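Enquirer: Protein chains in written order, with the numbering used here: chain A, 1 to 111; chain B, 1 to 115.
No false leads were slipped in.
Residues of chain B placed beyond 12 Å of chain A at every Cβ, according to the derived structure:
no., residue
1, K11
2, K14
3, G16
4, D63
5, R64
Examples of chain A residues toward chain B, derived with CB under 10 Å:
no., residue
6, Y36
7, L44
8, G102
With beta-carbon atoms standing in for the labels, derived distance ranges:
no., chain 1, residue 1, chain 2, residue 2, range
9, A, K60, B, R15, 34 to 44 Å
10, B, D18, A, A17, 42 to 52 Å
11, B, R15, A, S58, 42 to 52 Å
No lab work stands behind these hints: they were computed from the structure.
These numbers were taken from a predicted model, which means no experiment stands behind them.
Cβ coordinates follow ideal geometry from the N, Cα and C atoms, glycine included.
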Amino acid sequence: GNSVTQMEGPVTLSEEAFLTINCTYTATGYPSLFWYVQYPGEGLQLLLKATKADDKGSNKGFEATYRKETTSFHLEKGSVQVSDSAVYFCALKGNTDKLIFGTGTRLQVFP
Amino acid sequence: GAGVSQSPRYKVAKRGQDVALRCDPISGHVSLFWYQQALGQGPEFLTYFQNEAQLDKSGLPSDRFFAERPEGSVSTLKIQRTQQEDSAVYLCASNPDRGFGETQYFGPGTRLLVL
Chain A
1 GNSVTQMEGP VTLSEEAFLT INCTYTATGY PSLFWYVQYP GEGLQLLLKA TKADDKGSNK
61 GFEATYRKET TSFHLEKGSV QVSDSAVYFC ALKGNTDKLI FGTGTRLQVF P
Chain B
1 GAGVSQSPRY KVAKRGQDVA LRCDPISGHV SLFWYQQALG QGPEFLTYFQ NEAQLDKSGL
61 PSDRFFAERP EGSVSTLKIQ RTQQEDSAVY LCASNPDRGF GETQYFGPGT RLLVL
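Chain B extracted, bound-state conformation (with noise of 0.2 Å):
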């Protein structure tokens, strides 16, 4: 079946303009996570949904950054007044329910490079 999709698959923005990043996971995954990758460097949590529900925003850098899921499927991470520092590989992740150990299967990921 399909795994998870992201769009767009590349942004360019410049700095102080909103984005909106989709994330669709694979379907009938209750959680979603979301995280973000610098260059050269591991991806670090932002934010998990378990179906609408966000449970752990703990991540998000500041608040420019809110995420929703309000039907429990596709959720959109947006960045109001991008600055450069923004700039990164935005990873969307989902899994089928929670559980010790399950595996996050990945999107492609959005490159968002704010000018």
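Just chain A, with the same shape it has in the complex (with noise of 0.2 Å):
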């Protein structure tokens, strides 16, 4: 069935540092991909989607491109900063309407 494998945490980064969270997924068909993002006492937000190969979402100085040859998505951003400290969540919607979501990968980041 589908799934979703991202990268363990804690990702720990200085400000300004260079981000990579990885991801990738196992999905029959063409999937869309999505980045949610969950703030400290927040609700779950979507940080940015793709929804065929070689798409690139981007939003807030993150971007990730839908990889179909690597089946992948990475989260990428060239500087962190502390606001961005979250648990960042890879999902992907097959062909039903449900989400599938990797386990989350925590950031934090120090001034």
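Reconstruct the complex from the two isolated chains, following the hints.
Expert: Put into structure tokens, the structure is as follows:
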């Protein structure tokens, strides 16, 4: 069945460092891919999405490219801020309406 | 406009008690989803409604879990005879309509602790 695997955390970075959080997926057909973020004490928010191969989703300086050949959707940001500290979830939506999430990666950014 | 709201935000139940969790989706949203998020894990799908019709309940872990959306807006997730393993955050999400790639908007969740 469909599944998402993302790197375990926590990821600990200094402010202005480069961020990569890896995400790979297994799915039949052509899923849509998402990154959701959960800030401390808040609910899940959509960060970015991509609906077909080679699409790049971007928002708030974060980017992820839908790579069908490597079944990946890695999240990147060139220069992280303390305010980016949160838990990041990679997710896919296949030919049903439900989202399938990875286990989440906690990012901690220190000044 | 208002987002997805859930109540209560926190619920403590004794093992064996019944609980009811409420979700108010964004007004006009056709689809409504329930997810269960255990500590340190990603959300896991429980059930899905399109208007008042429950189209998928494959994620409900046992027959103690029951969800309804009788008028196609507010939804209630009921858990009967709660067990300690039911302790989790229960998330509700809605989206405007069925559609490939449609964004789901999440509520803040109800944190359930079963003692």
